[in-house]
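**Q** Respectively, the protein sequence lines represent chains A and B.
For the first sequence, our numbering begins at 1 and goes up steadily by one.
For the second sequence, our numbering begins at 1 and goes up steadily by one.
Simulated from the structure, these hints should not be mistaken for laboratory data.
The hints are all genuine.
Just some of the chain B residues that point at chain A, by a computed CB distance under 7 Å:
{"id": "1", "residue": "Arg-75"}
{"id": "2", "residue": "Ser-80"}
{"id": "3", "residue": "Gly-164"}
{"id": "4", "residue": "Leu-166"}
Quantities reported herein were computed from a predicted structural model and do not represent experimental measurements.
For glycine and all other residues, C-beta sits at the position ideal for the given N, C-alpha and C.
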Amino acid sequence: MANAMLIDESRCMACRGCQVACKQWNDNPAEETHNWGSYENPPELSAITWTKIKFTEKKEGDEVKWLFLKQGCMHCTEASCEAVCPTGAISHQGQYVLVDQEWCIGCGYCVAACPFDAIHSIFESEDGGEQKATARKCVFCVDRTTNDLPPACVKTCPANALGWGDRDAMLAKAKERVGVLQASGFPKANLYGEHELGGLHRLYVLVDRPSAYGLPDAPKHATSTVGAQWLSGIVTAGVVAAVPFWLLFKRQRAKEASEGGEGQ
Amino acid sequence: MTLTWKWELVIYLWIAGIAGGAFFTAFLIDRFTGRKHEQLPKIAVFTSVPLVLLGSLLLVFDLGEQLRAWHLFTRFRVSSPMSMGSWILLLFALNGVVMIALWWSKSFEPSEAKPTVLSRVARVIRPAAAVVGILSWIEFALAVLLIAYTGVLLSATNQPMWSGILLLPALFVASAISTGMALLVLVLRTGLGRLLNHLFGGKGEPIPSETMHTMGIASIALGIIEIVVLVGYIVWLAFFSGAAGAAAVAVLLTGPMSLIFWGGVVLVGLVIPLVLEVVSARGKEAVVGSVLASASLILLGGLFLRAAVLLGGQMV
Chain A
1 MANAMLIDES
11 RCMACRGCQV
21 ACKQWNDNPA
31 EETHNWGSYE
41 NPPELSAITW
51 TKIKFTEKKE
61 GDEVKWLFLK
71 QGCMHCTEAS
81 CEAVCPTGAI
91 SHQGQYVLVD
101 QEWCIGCGYC
111 VAACPFDAIH
121 SIFESEDGGE
131 QKATARKCVF
141 CVDRTTNDLP
151 PACVKTCPAN
161 ALGWGDRDAM
171 LAKAKERVGV
181 LQASGFPKAN
191 LYGEHELGGL
201 HRLYVLVDRP
211 SAYGLPDAPK
221 HATSTVGAQW
231 LSGIVTAGVV
241 AAVPFWLLFK
251 RQRAKEASEG
261 GEGQ
Chain B
1 MTLTWKWELV
11 IYLWIAGIAG
21 GAFFTAFLID
31 RFTGRKHEQL
41 PKIAVFTSVP
51 LVLLGSLLLV
61 FDLGEQLRAW
71 HLFTRFRVSS
81 PMSMGSWILL
91 LFALNGVVMI
101 ALWWSKSFEP
111 SEAKPTVLSR
121 VARVIRPAAA
131 VVGILSWIEF
141 ALAVLLIAYT
151 GVLLSATNQP
161 MWSGILLLPA
171 LFVASAISTG
181 MALLVLVLRT
191 GLGRLLNHLF
201 GGKGEPIPSE
211 TMHTMGIASI
221 ALGIIEIVVL
231 VGYIVWLAFF
241 SGAAGAAAVA
251 VLLTGPMSLI
261 FWGGVVLVGL
271 VIPLVLEVVS
281 ARGKEAVVGS
291 VLASASLILL
301 GGLFLRAAVL
311 LGGQMV
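For reference, chain A alone in the conformation it holds in the complex (with noise of 0.2 Å):
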């Protein structure tokens, strides 16, 4: 039985309340920030934001609506960074996809596969510059989650967009809750996350199309297309052996024999 996270973007108001428990229970310091034309702050999730809200403007006649998103990690069954990740410090454990921090070595390749942008192991230093260490990202408030406590996020929401509970059940809330939308001037509302990648663990309720968010319309595992990617660097090598190689050394090994030939 499978836990999941459910996000009613619908009620959503962006007061990133969310953002700061995550932070505090999970002990990740604060970001420097500064005023860059939105209240969206920081402006990117790093190895020490695990999530916030993404705020995307959208001009509806002469209105101009707010769309916001809670971004994280989404425990994808079938998730790209375990795939990827070259020393198995990546793993399922039930719904959770947890990092081992203390066996990741940092090479950044989930960060570059994640097709959700979650997962980052860079992140501003107190001095300003950058630092690079292990992978890190939400992970359910694993300690919380395994006593039967809801995630920091979940808890401190005051909008209640936040559930938490078995996957079944977040389910079947979303879907009422879309059809709500729907017979309430919200036609484009949909869920998302029930199929996507094997069925993700957080659960979105949107009004709009999911790329009207930033999310992938339809997200894609990184290496579902990595044995063609290896034959075709291959085929590549053997045509280049074929082609220049093979042609060219032929013909002047054909034209040294007749020049042997006309010497004797």
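Got chain A; can you put chain B on it based on the hints?
**A** Chain B alone, transformed into the frame defined by chain A:
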């Protein structure tokens, strides 16, 4: 925007490609000319093994936890190109070192005076020298995997400029062979090749000028292949990879990577060397200065290509 992979990885991808490409080229020339160039694979191994070791050092340097690098060799994970690449690098280097040792033992002339430690070692391993032919086939296979891996490493991700684009491994392979051969040409044209030849008991005889000429023609062919693959890669990215792919193309062609792309990859790495090579190949005797210049420019172009794709890919 944070760059997780920086210049260390750029240089690493570049020299790993050169190392694999150099052995690939040398091995094929030797085999396709009926073993008339046995010194070429030796020279190639002697240059590519140090390159691979240097590249591995850069890789370790780039890790967040450098002292844990050995964790890589506790797992064999087929799904992870980085795991496969680590093993390929290790085997390529180890196999190369064994080949060097065997070649050396074959050519070792024990001095008439008292036997030294080295001569004893040479005598002990000499019987194994018969397998060096098999080892060079293995090294060839590893070289192919090594140069393919530098591209697969990037395409097995979720960054729009790299993700799932089958022509990216093809592009890196073409560039690796091109730069590998350029390095061979440089080594052979400067006295380094003869020096290495002496080291293996050869007499320092130069590579026949017909072979150098054919290598020049092969380099032109490789340059054309690389241009075709590069154009294919850009077209694939621009028209068949959605909005994110188009954004990636913009980064390369008009965005922050445009100078490196047009100036470095296209002009320095492809157009100028091609012109030099075509002019040079028309004459009976190659102009050494022009050959050295085009080989150096091809090598630089390979570096610019890795920089544009690796750094640019993290900016989309």
